[in-house]
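Engineer: For reference, the chains in residue letters:
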Amino acid sequence: MSHTIFSLSRLSALLRKEFIQMRRDRVTFAMMLGVPLMLLILFGYAINNDPKRLPAALVATSNDHYTRAMVSALEMTGYYRFDHRVSSAEEAEALITKGDVAFVVTIPSDFARRVERGDNPQILIEADATDPSVASGAISTLGTVASQALLREQGDQAQAATMAASQLQVVVHRRYNPEGISQYNIVPGLLGVILQMTMVMMTAMALTRESERGTMENLLAMPASPVEIMLGKVLPYAAVGAVQVVVVLVAAKGLFGVPFFGSLPLLLSAIFVFVLALVLLGYSISTVARTQMQAMQLTFFFFLPSILLSGFMFPYRGMPDWAQTLGEILPLTHFLRIVRAVMLKGAAFPAIATEVAALFAFVLAFATLALLRFRRTLD
Amino acid sequence: MNVIDVRNLVKRFGDKTVVDHVSMQVGQGEIVGFLGPNGSGKTTTIRIMCGLLTPDEGEGEVLGYDLKTDSLKIKREVGYMTQKFSFYEDLTIAENLEFVARLYELKPVSKYVDDTLNDLGLTTRRNQLAGTLSGGWKQRLALAACIMHKPKLLLLDEPTAGVDPKARREFWDEIHRLARGGLTVLVSTHYMDEAERCHRICYISYGKILATGTVDDVIRNAGLTTYIVTGPGLNEVAERLQGAPGVDQVAPFGTTLHVVGSDRALLEKTLAAYKKEKAIKIELGETSLEDVFIQFMAESKDNMG
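As they're listed, the protein sequences go chains A and B.
In this text, residue positions in the first sequence follow the numbering used here: the first is 1, and each later residue adds one.
In this text, residue positions in the second sequence follow the numbering used here: the first is 380, and each later residue adds one.
The reader is advised that the hints may include incorrect statements.
Capping the alpha-carbon separation at 30 Å, the derived lysine-lysine pairs in BS3-like fashion look like this [said to hold, decoys possible]:
1) B/463 with B/452
2) B/490 with B/654
3) B/529 with B/490
4) B/529 with B/517
5) A/98 with B/517
6) B/517 with B/490
7) B/490 with A/233
8) B/486 with B/463
9) B/447 with B/490
10) A/17 with B/463
11) B/587 with B/395
12) B/587 with B/654
13) B/452 with B/545
14) B/545 with B/463
15) B/486 with A/233
16) B/545 with B/531
17) A/233 with B/517
18) B/529 with B/463
19) A/233 with B/545
20) B/531 with B/517
21) B/529 with B/452
22) B/395 with A/233
23) B/545 with B/447
24) A/233 with A/98
25) B/587 with A/233
26) A/17 with B/395
27) B/486 with B/545
To give a feel for the contact side, a few chain B residues facing chain A, derived at Cβ under 8 Å [said to hold, decoys possible]:
28) 381
29) 431
30) 463
Treat the hints as calculated values from the structure; they're not laboratory data.
Backbone N, C-alpha and C define an ideal beta-carbon position, used for all residues, glycine too.
I would like the entire structure built from these sequences, with the hints used as guidance.
Structural biologist: Printed below as a string of structure tokens:
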């Protein structure tokens, strides 16, 4: 018997015990190893603050060699990927509102004539600046790229070329967020992130707490159906979510001066679907987790990718395709597109219909999972 | 019609058979004690009966409802009191009762709650958090909550663990009062005195029912002989008797020693040899229920490994 303050053997006994418990608790153990690995792989590769190959729409009515040269020069920078070639400004407008493209490049039909005449040729680049960092790299290279393209194209007509190139005007419109204020991007996004964090975690913990404290046994012995138990857990937290929404929206307006162009009822309806998806996700977690600790860990398992892959922190378009695909299966990704489109772009329902449909799909999937996983018995 | 009529129930967790072909019949108004060592399958059997677990094999009816298909109907008419206090500690006494009353759709809720609080004598403490109640009060609250919806069958899982003797006595008086009113009770316990207050007992060990009947039946059928040894140097006697031929149990009771064996002739022969050596007195005693249970526990093969 040792009466010293510190004993290595006592410490080793404690350590041994802790490691045994750790090993027994498979979920926790898997999370401890899995999460850092997953984060490292995902975010080490996915995050890119200088996104390239961003989807762009080209509005060009003529197909002369100057226009072609301009387009290929822009593509050569690596920033633009012309997925859409449209003939009218309206079509382009719809694409940028929906968020299908990050840029609209308009080359006017008289571009070639003006180049040859040396009469102030212009091209217009409209950038979706809701996320300022998306547009910055692409825009900063524009001027020189465009001038050089013209120089090359005009070849030995040296004098005219120099003149035209020097006169070329690249007109840039930073749409939706002309000053490039990041808060316009971050604050609406925060609405989604805060909801995601609290809704999922609170619901996940609430049901697990029942099992952990032994009250679940009593609850199951009393006449309550799985759907009742599920709704009984889900709805109170949905109500908490409603309060959070009000707080964030008021703060967005009052503290950050974020503009609100779209329809409030439309946004609230979308938020309702999003919150429903979140609490059902939390409920599904609680049918898997055995302890509140596990519930917490599983919540973070969803939370971190949601923050990093959804386009909240880093430009969604800047991620490689596989990371974008992962992002698509997170409810937050779709919600962020909705909230930014409605608040900053004034989008109406048709523009966000696919994103709302995606949220509904999550609601359905999580509800099914939750009901299937719910143990009506203690088996 | 029996209130409980289950046949050959089997429940396995992994490769362990926790309930092994258990059959049980309990008539209306009966108080049946469910006894057995820790981990013997008492709780699992009770959970099967109230629909909390589905049996892997076997069949049966509780209150005439099929165990496998009608568990929701069973839940409405059974009161189940869990081993651990499983009401909400962060809710007040009245809030807990209201919650239960609403789940069972008892109307009007406030009348049921007020009556129950009144019966409990907790009206003045209705706004106290349930978590701050003492063990005895928690148990009374749990029982009151379980019988608020007037169940026909009461399943109690070690209801008096950690409760003082006076509270236990009152608890059992209440159980008998309820049984006189036609309520059927199945109660698991470790206490011998509680077993003796039951109409009938059922002894389960490692998932198998080893004995069933009245206390006297069980003692008689065990076929044990008990001798009581008194005199000086009992410690030494106990040590030497341990494991001697015919001696199954040696247990000190105050200033006496209980020596129990199933082979009467062999036990008497061993004791007679001792009596010559030592100045001790040996006389025939009465076998107690506890002696029988210790014997059961020693005999049943340990499969919980």
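Engineer: Honestly, which of those hints from before does the structure not fit?
Structural biologist: 2, 5, 9, 12, 13, 19, 22, 23, 24, 25, 27, 28
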